[in-house]
Each structure stands twice: as structure tokens, then as C-alpha cells.
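Take a look at the letters that make up each chain.
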Amino acid sequence: MRLEGMILIAAVVISILSLALTPRNKLLQMQFIILFVQLPTWLLGLSAVELGLLEYPYRELASVNRTSFIFEFIVLPVLCVHVNNYYPWQATALTKAGYLAGISLLLTGFEVILERYTMLIRYTGWEWYWTSVSVLFILWLTQRTVAWFFDGDRGG
Amino acid sequence: MSREYWGIAALTLASILLVTVFGRTAKPRESLFLFIVGQAVSWPGTIILTFMGSFEVPVRLFPKATDSNFALAFIFLPAVYVAYYWHFPGNKSRILQIAYTLAVTGGSALAHVAVQKYTDLLLYIDFTGYRLWLINIISYYAGRIYCDWFFSQVAKARGRNPR
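Quick mapping for you: the protein sequence lines, in order, are chains A and B.
So for the first sequence, our numbering puts the first residue at 1; every next one is plus one.
So for the second sequence, our numbering puts the first residue at 1001; every next one is plus one.
Everything labelled a hint here was simulated from the structure, so no lab data went into it.
Misleading hints may appear alongside valid ones.
In the SDA-like style, the derived pairs of lysine to any residue whose C-alpha atoms are separated by at most 20 angstroms in a straight line are [what the hints assert, rightly or not]:
{"no.": "1", "chain 1": "A", "residue 1": "Lys26", "chain 2": "B", "residue 2": "Trp1149"}
{"no.": "2", "chain 1": "B", "residue 1": "Lys1117", "chain 2": "B", "residue 2": "Thr1101"}
{"no.": "3", "chain 1": "B", "residue 1": "Lys1064", "chain 2": "A", "residue 2": "Ala48"}
{"no.": "4", "chain 1": "B", "residue 1": "Lys1064", "chain 2": "A", "residue 2": "Ala62"}
Please read these numbers as outputs of a predicted model, since none were measured by experiment.
I would like the entire structure built from these sequences, with the hints used as guidance.
Here it is, written out as C-alpha cells:
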């Protein structure tokens, strides 16, 4: 099997297994996040591909879907679950911003490596910092929405 | 503007009406949850059915990025589910509940069939309205059980840590 296929399968398996690490008191938030994150990611993901900024040359459901089904539906939602599990609700706004920015930069690093060395993703007008900004936006939006949904609005 | 764009506009308008006028704007959290539960069924379901060749979508939103029907599966069908849940006659007789479910799921299947019949937004290859009706009945039933459970759990968790 090609490297790309192995990476995709590993991403799915690791993502799903890692959900077992969710603490018991966050299980409701986990379900909410997994369902919620697909809403903004599909809008952004479809828009980016539609505008010709990104390509996913090696992908699942290739004939009908030119975005990354696994990334939008599994990897990013699960990442958001883990981000929420360790989110420093009591910390200062600066710490929260730093936490989210750090994670989005880490993810960007992974993506840049995948972009350079595999056929999983190709930038055709996209830049790495757009990934950082859009992932940061999704992480922030998710935390805001979780706060709003579960506690009324206490501020993300 | 072609008939297809009117179709997309009508579906969008109908969706907005379904979540506002026929939904419950006083319960935005629960409505959002119902919408994303509906989406979690209809959007990947549509992508997989399109992949299997059940239908084609000649005119669509995001034509380069996807071959699936965004307006129907990402917006309209979840909006129907939101309205369905809010008006479900939970304290009425079982017969009425079944009749209500058959009517709403049948109505949304009928809208799907009308879109396929009168516009180029959808083209059934190996699919029928009856099949969608069946999928709707099963997924609405399962979705309602799940959402009832989820809302009761959230209410319990709120009770433990009141705002």
C-alpha cells in the first residue's frame, strides 16, 4: 500500500482510539464537539477547494468529493475534543490564546510536512499561515460554542 | 436566473423558515444540536450515496469541490429534522406519533422527489423517494431517541453545576 493510504488509515484509527482518553465528565462535550466541528470545517474546506487554493490528490471517495473527508469528519473533530479536554477555562485570555495558537501551529507543521512529502495535500495558492488562521478560528469557535452550549455564556 | 438557482433559493428560504418559524428560536442551543445531528446523518449519507452512484447532482453549490447536493443534504434535510423534533407529539398517543413521523418524513422525501423531477439539482440513478422515506423514518427515530437522551443528560449536568 502507498504511504498516503497508510497515513489515512493510521489517522482514522488513532483518532478513534484516542477518544477513549476523554475523561468521563467531558463525554457530553465530546459528542457535541464531534457533531459540531463538521459544520464550520465543511464550509471552509469546500470553499478552499472550490476557489482552487487547495488540492487533495490522494483522497478517499475520490470520484465525488475533492476535499479531505477524513480530515473534516474525523481528524479535526477529534483534535478539537482533545483541545477541549485540556482547555484552561480558568486561565487568563492570553494563556487561552497561546494554547489555541500553539496547537494550530503544531497542526500547521504537520500539514506542511504532508504537503511537502506526500500527495495527501497540495497547496495551489494556499499558504501555511492560512491553515494556522483557519484552524485557530475553528478551535476558538468550538470553545466559544462549547461554553455557550453547556454553561450559558461565560466567555471562551 | 435559471430554475436551478430559484430551487436553491427556495430550499434555503424553506430551511430558514423551518428552523425559525417552525422551530423554536427560544431554544437556540437545542436547535443547533438538532441541526448538527441531522447534518451528521444527511451529509455523509449523501456523499456516500453519490459515491455509490445512487444519484447525480448536475447543478450544485461548490461544483468543483464536491459532487454531492449541498443545498439539500447540508441545509434543507437537517432543517426539516429540527422542525420535526420540536413538534413531535411526545405526550399524545402512539398512533398519532407514528402518523406524525410518517407525514413529516414523507413530506421531506416528497420535496426531494420534486427537486429531482422539476429541476436539474438532482437526478436519481438508482434511488427512489420511497428509499429516502425509509432512511428518514429510521434516522429520525434513532435521532429522536439520541437527542432526548442527550438533552436530559445535559440538563442533569447543569443541575450538578448550576450556572
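Results for each hint:
1. A/Lys26 - B/Trp1149: holds, 16 angstroms
2. B/Lys1117 - B/Thr1101: With Cα atoms ~24 angstroms apart, lysine 1117 of chain B and threonine 1101 of chain B exceed 20 angstroms; violated.
3. B/Lys1064 - A/Ala48: Answer holds: lysine 1064 of chain B to alanine 48 of chain A is near 10 angstroms, not above 20 angstroms.
4. B/Lys1064 - A/Ala62: holds, 12 angstroms
The structure does not agree with numbered hint 2 stated previously, though it agrees with all others.
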